[in-house]
Amino acid sequence: MKEKRKALGCDFNRGDSAKDVLLFVLPLVLTGLFQQGYSLLNTAVISRYLDASAIAVRGSLGTLSAIQSYLALGVTTGFVVFLNRCYGQGDPLLYRRSMTGSCLLVGGLLVLSLILAGGVEGLLALVNMPGELWEEGRAYLTILLFGTAFTGMKNLLLGAVQGMGHVRIFGMVSILGTMSNTGILLLLLNSGYRKVSAMPLAALCNDSGIILFLSIFLVIFRRTHVQPVGISQIPADIFYELLKSGGSKSAMMILAGIGGIFMQRARNTLGTAAIAGYSYADTLSNFFLVPISAIASMAGIAAARNRGRQDYDSLWFYARNCLRWSLGFSGAAMAAAFGLGISFLEILSGGADQETIQAGYLWLCICIPAFSGLGSAMICRNSLQAMGDYGKLLCLGVIEMGITVWFALCLVPRWGYPAVCLSIFTKWMALGAAAFLWFRKCLKRSQNTGFEKSG
Numbered sequence: 115m116k117e118k119r120k121a122l123g124c125d126f127n128r129g130d131s132a133k134d135v136l137l138f139v140l141p142l143v144l145t146g147l148f149q150q151g152y153s154l155l156n157t158a159v160i161s162r163y164l165d166a167s168a169i170a171v172r173g174s175l176g177t178l179s180a181i182q183s184y185l186a187l188g189v190t191t192g193f194v195v196f197l198n199r200c201y202g203q204g205d206p207l208l209y210r211r212s213m214t215g216s217c218l219l220v221g222g223l224l225v226l227s228l229i230l231a232g233g234v235e236g237l238l239a240l241v242n243m244p245g246e247l248w249e250e251g252r253a254y255l256t257i258l259l260f261g262t263a264f265t266g267m268k269n270l271l272l273g274a275v276q277g278m279g280h281v282r283i284f285g286m287v288s289i290l291g292t293m294s295n296t297g298i299l300l301l302l303l304n305s306g307y308r309k310v311s312a313m314p315l316a317a318l319c320n321d322s323g324i325i326l327f328l329s330i331f332l333v334i335f336r337r338t339h340v341q342p343v344g345i346s347q348i349p350a351d352i353f354y355e356l357l358k359s360g361g362s363k364s365a366m367m368i369l370a371g372i373g374g375i376f377m378q379r380a381r382n383t384l385g386t387a388a389i390a391g392y393s394y395a396d397t398l399s400n401f402f403l404v405p406i407s408a409i410a411s412m413a414g415i416a417a418a419r420n421r422g423r424q425d426y427d428s429l430w431f432y433a434r435n436c437l438r439w440s441l442g443f444s445g446a447a448m449a450a451a452f453g454l455g456i457s458f459l460e461i462l463s464g465g466a467d468q469e470t471i472q473a474g475y476l477w478l479c480i481c482i483p484a485f486s487g488l489g490s491a492m493i494c495r496n497s498l499q500a501m502g503d504y505g506k507l508l509c510l511g512v513i514e515m516g517i518t519v520w521f522a523l524c525l526v527p528r529w530g531y532p533a534v535c536l537s538i539f540t541k542w543m544a545l546g547a548a549a550f551l552w553f554r555k556c557l558k559r560s561q562n563t564g565f566e567k568s569g
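Numbering (our numbering), first residue to last: 115 to 569.
Please keep in mind that the hints were generated in silico from the structure rather than gathered at the bench.
Even for Gly, the Cβ is constructed at its ideal location relative to N, Cα and C.
Do not rely on the hints blindly, as some may be mistaken.
As the list claims (entries may be wrong) - If you anchor each label on the Cβ, the simulated ranges turn out as follows:
1. L290 - G442: 42 to 48 Å
2. T383 - R162: 24 to 30 Å
3. R337 - N435: 30 to 36 Å
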């Protein structure tokens, strides 16, 4: 039993001590902070090697980059949720079948990414890409799309390692991977490849190395869980459940991305300073969001494990505490953004003009206070997915898309850049309230009936 707890860290039930929880979540927080710190360094590096138009390329393609991330991360995160549920049931054969099925489905992402990479010109036109950024944007987006399957496989393997309780390995690989990504990026920039497309190219090379390392680790230390099985040994209901779990998360994100395309088109008419300021602030906010993201990840793993063993009291115990911790970190992020936001933006941008800095600071002042809603949305939607209530994820996607489209078509043309920021505040608060109410309803139904209604 002692060895089991050493491997798992947390059993994710009411018997876990504060030390157990801290030892699980602290590596996730430290890893996330380190990754975001290096992400800020990457942006600062790009700012010093390239001009502001390079940052504008990233900003102009922000929505398409997000959709690419949705395809890679949304689907595979859904797979990981189902894998965690299988792990909670304590059936290695079920886990092996589910892992093999997940890897086969990730292979489909490679085909899809190649198809999308062949239609780059149309995608650039779709987001109203400024003409002066077209050539750089085409190279950036082509490489980004090609790497979709690689990002997805990396996320699947990292999620499997994390879900099994190997948080130290998860943290080590994530940190070293972030450092190596920066190293590859600097190597490309210093070798004469001084284009913004060096960023997705470095990520593609880095993801390939991480996939190789994690595959070797799992084969050596978790062979009984990851040894492949023949496709004929995988029941159809496993593929069906994987597709529902992965598809619901991906569909939710894609719906949000569709709304984002409307907002991207509106935002790209506001000038380079607004686009670059938005990009800097968005990057900085990801740093503030790290503890909340770690808490939401833990909530999802706890919900999946407890769903697998039908322990709904422990599920609510973890969800409730995660919501409380999220509120505390939201307040800290708001204080940091208000007090130090301008200084952070100046450091991040490498001394950009004041118009760009003010655009970024306005974003921080309006959007960071909505972290409380965003934290609730992340925790509760992860728990809903773990409990099998996939339909609510689609509803959340529709809500986000509707709010974003309405702001993009009706308010941005009138109010300009402030409306862009207000759209984010509004959707985060609305999503947080809706996700919490649906989660409580689903939990009460589960406690009364002992099962969840999927879809």
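Hint check results:
no. : hint                    : result
1   : L290 - G442: 42 to 48 Å : 30 Å, violated
2   : T383 - R162: 24 to 30 Å : 28 Å, holds
3   : R337 - N435: 30 to 36 Å : 35 Å, holds
Comparing the model with each earlier hint shows a violation of hint 1 alone; every other hint is respected.
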